[in-house]
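**Q** The lines below spell out each chain.
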Amino acid sequence: MNTRRVFLQQLSAASLAAMTTAAPRRMFAASEKPKATADTVILLWMAGGMAHTETFDPKRYTPFAVDIETSSVLSTFESKPTALDGIHFSDGLQEIGSVMDRGTLIRSHVVADMGRILHSRHQYHWHTCYEPPQSVAAPHLGAWIAKELGPKNPVIPPFIVIGQRFDRGEKEELKAAHTAGFLGSEYGPFIVEEPTAALDTVRPPAGMTPERFEARQALYREMLKKSGVVSKSIDYQQESLLRSMEQAYALLRSPQAAAFDLAKEKKESYDAYNTGRFGLGCLLARRLTEAGARFIEVTSEYIPFEYWDTHKNGHDTLVKMKEQIDRPIAQLVRDLDERGLLDRTMIILASEFSRDAMLEGAAENPAEQGQDQKKLPDRMKEKQHYGMHRHFTGAGSVLMFGGGVKRGYVHGKTADERPCKAIEKPVTIGNIHQTMYHALGISAETHYEIEGRPFYTTPDGKSPHVPELLARG
Amino acid sequence: MNLPCLANAAEYPLQFRRDAGGKGVKFFARNMRILFPLLAVATLAQAEPLSPELALLSAEARGVLAHNCTKCHGQHKQKGGLRLDLRDAAMKGGESGAAIKAGKPDESELLRRVMLPKDDDEIMPPEKGPLDPKDAATLRKWIAAGAPWPEGETAGIVFQRAPIAPRTPPFPAGTENLENPVDKFVDAYFREKQIAWPAIVDDRTFLRRASLDVIGLLPDWREVAAFDGNRAKAVDALLARKQDYAAHWLTFWNDALRNDYSGVGYIDGGRSQISQWLHRALSTDMPYDQFVRELVTQVPGAEGFIKGIKWRGDVSAGQRVELQAAEGIGQVFLGVNVKCASCHDSFISDYTLKDSHALAAVFSDKPLDMFRCDKPTGEKAAAAFFWPELGSIKADAPKAEKRAQLAAILTKKENGRLARVMVNRLWTACFGRGLCEPVDALDNPPWSRDLLDWLAADFAANGYRVTRTLKLILTSRAYQLHAVEIENADDLAKSSFVFRGPVVRRLSAEQFTDALSRIAAPLYRKRAFIPGDKGGAAFAAGAQWIWHDEADGNINAFPQGKRYFRAAVEFPKGRKPRLARVVGTADNTLVCFVNGRQVLDNKDWDKASDADATEAVAGATGITVAVEADNIAPGAAGLRLAIAVWFEGTKTPLVLATGPGWRSIDKAPRGWEALDLDDSQWTPAITLGPEGLPWGGVNGFTLNEQSGLVRAAFVDNDPLQAVMGRPIRDQINMSRPTQATLLQALTFTNGKTVSTLLDKAGAQWTTRFPDAKARLTAIYQAALLREPREDEFAFAAAAPADLLWSVLLLPEFQLIR
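Top to bottom, those sequences are chains A and B. If you use the numbering used here, the first sequence closes out at 1926, no skipped numbers anywhere. If you use the numbering used here, the second sequence closes out at 821, no skipped numbers anywhere.
Treat the hints as calculated values from the structure; they're not laboratory data. Just to be clear, a hint being listed does not mean it is correct.
Claimed, not checked - In silico contact screen, one side only, chain B against chain A (beta carbon under 7 Å); selected entries:
1) Glu491
2) Thr742
3) Leu746
4) Gln818
5) Ile820
Said to hold, decoys possible - With a straight-line Cα cutoff of 25 Å, these simulated DMTMM-like cross-link-like pairs (lysine to aspartate or glutamate) come out:
6) A/Lys1678 to B/Glu796
7) B/Lys311 to A/Asp1544
8) A/Lys1486 to A/Asp1796
9) B/Lys566 to B/Asp494
10) A/Lys1685 to B/Glu794
What the hints assert, rightly or not - Residues of chain A clear of chain B, computed beta-carbon distances all greater than 10 Å:
11) Arg1569
12) Pro1585
13) Ser1588
14) Arg1621
15) Glu1626
16) Ser1638
17) Asp1653
18) Arg1656
19) Pro1663
20) Ser1896
Note that beta-carbon positions come from the ideal geometry of N, C-alpha and C, so glycine has one too.
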């Protein structure tokens, strides 16, 4: 080894520069792109771990009774038929069930375990396709899409996240998963925390009259003109500053900014979506899709021990969660379909992992047992024990609609006995990402060089897309 | 003949393998190709061994092929049927015949194609061609010499390796008239490049640039207006502002050492801050070798860098904390990328899996299990350092001893690399483009090796004083040259870069928000990190917890509600106050007035707020403090507050702190906060006790002489700084984005933070300067450091907030020229 080193040093006069750049460098040919069947993606994020047997993959129903054996409980809801023959959903999801003939259900989504099954790491993994930690900051899938395809409508930001507030619970971990990573902040998320206040993000500041807004812009332009340097300068930083300021101005006074205004929606339509923040997020996503958005994530929001993060009271909480998501998601699918937009818009519903009634894969060392891993009693004593509480990665359900996805198709299968693992056609996070990229016309070869390392949309570009999920394969 | 090639393949030194064949095998194969051929050239007996000159020429030429051609014409792809990584295949040629005619460069299609004009359809490599003339000349020489290629050899990738030993080049001849050593080398460089020395900038531009580079703040207009033209003296004055200097460079090191006040990994103690240690190191100008030693040996307070970030659960083998430490040391201190080699033998350098694991093993109690791409290799790596010429590490020594040995190796004088990396970073911070780029890859050739080597040697020889090297750089004529505009960001990174002066830069997130705080209104009130300062803490230590006299003084039984407190003190006769600072906390909240002006509020009892109160005491003969404290629920309640006033000509402040002598009341009379209120009817407040029970320690309860500005570097990353490019410090981050983005523009244009701040600031400027022209002038002076030109006075009629907005978004403000 040393000999080689010494020799190489002696050779330094002859050696060649391995110029690695600090900025990412595109490293693939444009000619290799698949033909796009989708222009827009809406990710419906069920944050906190959605149990498959309580939602889109119901199993044998066990009503609550004191002293029933916990291990015998697979589903705490009855099964209800859907628009697809022989396919049932858990009670409370009949609306989504009624549009399943327009989409694909994956019942065999499996995710990595990573030692301890933790929300923040799995959410990072799902959104970036890279398991944290990474030595290079991995971009959110929305950032990849923004980078590769750019905005569809120049005044609508290409990467929008609706509904997640970044000021509570594990916020730092959430932030880490919602960046453009090494691609640079230009491709970062446009965040709309409150769907009802979305308009505020794209209109002149509160309290500023349109007249003053125009006067301010005129003042700025006049100052630029008089400053002299502007017309003479070729500097890229100056160019980007002036360009982005004009873009922002164009967006803020664009009639299309009205897409962000839920007050413009007809009352019956607003009501159809209004099950709360998530439902209104779906409505906003529909309006933005109509206006020409590129990528939108609508999240049910991750707050530890809230919403889908059911460590107790699983059954009762899920009654409420289903009320939140069922109507608006079905309405979103129907609305886009009726407007002819579903053909080119891919909707994906997913969660970081599933849940099981039992204690699974607990830490070997009891001291490492976190708050999120409470052991259920062997027999249920109280109603709060009834439901799916333990993080589980062996199976999960994903819904996909539109953008080239098959209509009325079910992919994969889980076992009918605990822990109801995927037993056919497992689909990974990378598979889903690549299927989506494929439909968007983004080549699996897509990668950039950063710090001398090739960085692909999915690790090493290896996960293939799943042709069976797509109508044209 | 036909030599099609994948776009973008050229100029690319490596061949990535990512097909399904199994990484481990492929990597191994590649390593064999690199390792053995070169050894073979040097040592193996050939049937007819090449002369040393020819062996070198052969290796060099094959290096050119490997870097530029074999991605498309190699093991994995043979475009046009041509393969250039094996001798026989290369000599045979492709579908359209021979590419290389030994001895006949002019008849060799390969050479013709790589020297075509850029826009020729047949150019090789496509898009990146033609080849660098030096490389083409190498190929020509090699073909002319008969294209010697030892049998069984492949086109080996020869990686650039810069020498490690320090070197002090002599000053170039003919530069005796130049005083600053930097200029001597730049002069030689300019002569070589036939560049005439460009002009230097005016005083205003110089002061702005130097001030931003040293302390991160814009200079005061008054300093600019009164400047006597002595630039060296100005640099000294800036470097003497230790607190401001530390506040600015904290950002630089936080990025490099991924130190932050919030972020992933703090859950379950998977990460440690080094902020206090770092701030102390910077404000005392700790010698850089000691700085590195303390980080590597993990002295108390500095453990965090080596400790790395531990996420809960399992992580990939290449991201174990020991390997994070190895990667960090490589990248930050040595300019070596061992990240690739943490997972597999590197494609981009000759560092191997074993190298990275051996370095990582320094931070492990026992030899480290080796993993290749997350699969155990079954081998164990014992602690070692990858440049054996610098010394060795006793592999079986205890961890602390191994760390000390590594620290000694890194900082020994034979390691010229440590200093080179650091001076290159300093140069980059001041010029916007390194002597060597990127700053984390010091094996790349610098544009002036002599200058880099001299600066590094000088840095090491003079005690690794960062501020000394900074002074050398900042007082050079080279630094004072006009800023160079860059049309395309990619041009900066190119090896063909030609130095002509500092490049135009953009204000960093911290520089911008600090300027906003000073010119508009303070953006931040609460520091996430408060530099420890024993003297400062002592000034405030006398403050006691007090409350209104009620509930028989039972600390746990105070009723809910607002209570009001007052105290006053006269200044010693004839003393003129120059600075006043106030710090306070209350359970649950407080609002504090000094001489009738609101100066402070606080809503988190366990984190004190502090603020500047200088304006409230200016021209006064004493201070009167009035506080409203709110106990929002029945139970424990308390107020703890102190105000310090420094006078001209004195170092020790007058302190008024909560305790005996304070008066309180439970119902506020009109004007309870006013200076002239008669509070003689208020009752004496009761003293509950000093710091401690029942509240325990309160963060940030200190008073010191620092400026009242809460610097951006001391606060948690917020949406404004984040959008401006302050990174999430999960990874080492040495280059921030420089392009402006739509998200930034939207944040300025309609963001609530900015618009609220500017509205407030507009009102304040109007109060201070009721006359519109005077106001315009003052704003231009503060922000642009100049008077408005005649035709700019027309802007005086604009709303003050809008005027500020427009000025702060001008390229003249946003860019550092």
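**Q** Taking the hints in turn, state whether each one holds.
**A** Cross-check of the supplied hints:
1. Glu491: For B/Glu491, the interface hint holds, since the closest Cβ of chain A sits about 5 Å away, which is under 7 Å.
2. Thr742: With Cβ-Cβ at 5 Å, under 7 Å, it holds.
3. Leu746: holds (5 Å)
4. Gln818: holds (6 Å)
5. Ile820: Check failed: Cβ of B/Ile820 comes no nearer than 10 Å to chain A, outside 7 Å.
6. A/Lys1678 to B/Glu796: With a Cα-Cα distance of about 10 Å, the restraint between A/Lys1678 and B/Glu796 holds, given a limit of 25 Å.
7. B/Lys311 to A/Asp1544: Given pair B/Lys311, A/Asp1544 is violated - Cα atoms ~49 Å apart, limit 25 Å.
8. A/Lys1486 to A/Asp1796: holds (20 Å)
9. B/Lys566 to B/Asp494: Distance of about 60 Å is beyond 25 Å: violated.
10. A/Lys1685 to B/Glu794: This hinted pair holds, its Cα atoms lying about 21 Å apart.
11. Arg1569: The assertion about A/Arg1569 is violated, with a minimum of 4 Å to chain B.
12. Pro1585: violated (6 Å)
13. Ser1588: Nearest chain B Cβ is 4 Å from A/Ser1588, so the label is violated.
14. Arg1621: holds (13 Å)
15. Glu1626: Answer for A/Glu1626: violated, closest chain B Cβ roughly 5 Å.
16. Ser1638: violated (5 Å)
17. Asp1653: The claim breaks: A/Asp1653 does not keep its Cβ more than 10 Å from every Cβ of chain B (closest is about 8 Å).
18. Arg1656: Violated, since 6 Å does not exceed 10 Å.
19. Pro1663: holds (13 Å)
20. Ser1896: Correct as stated: the minimum Cβ-Cβ distance to chain B is 13 Å, above 10 Å.
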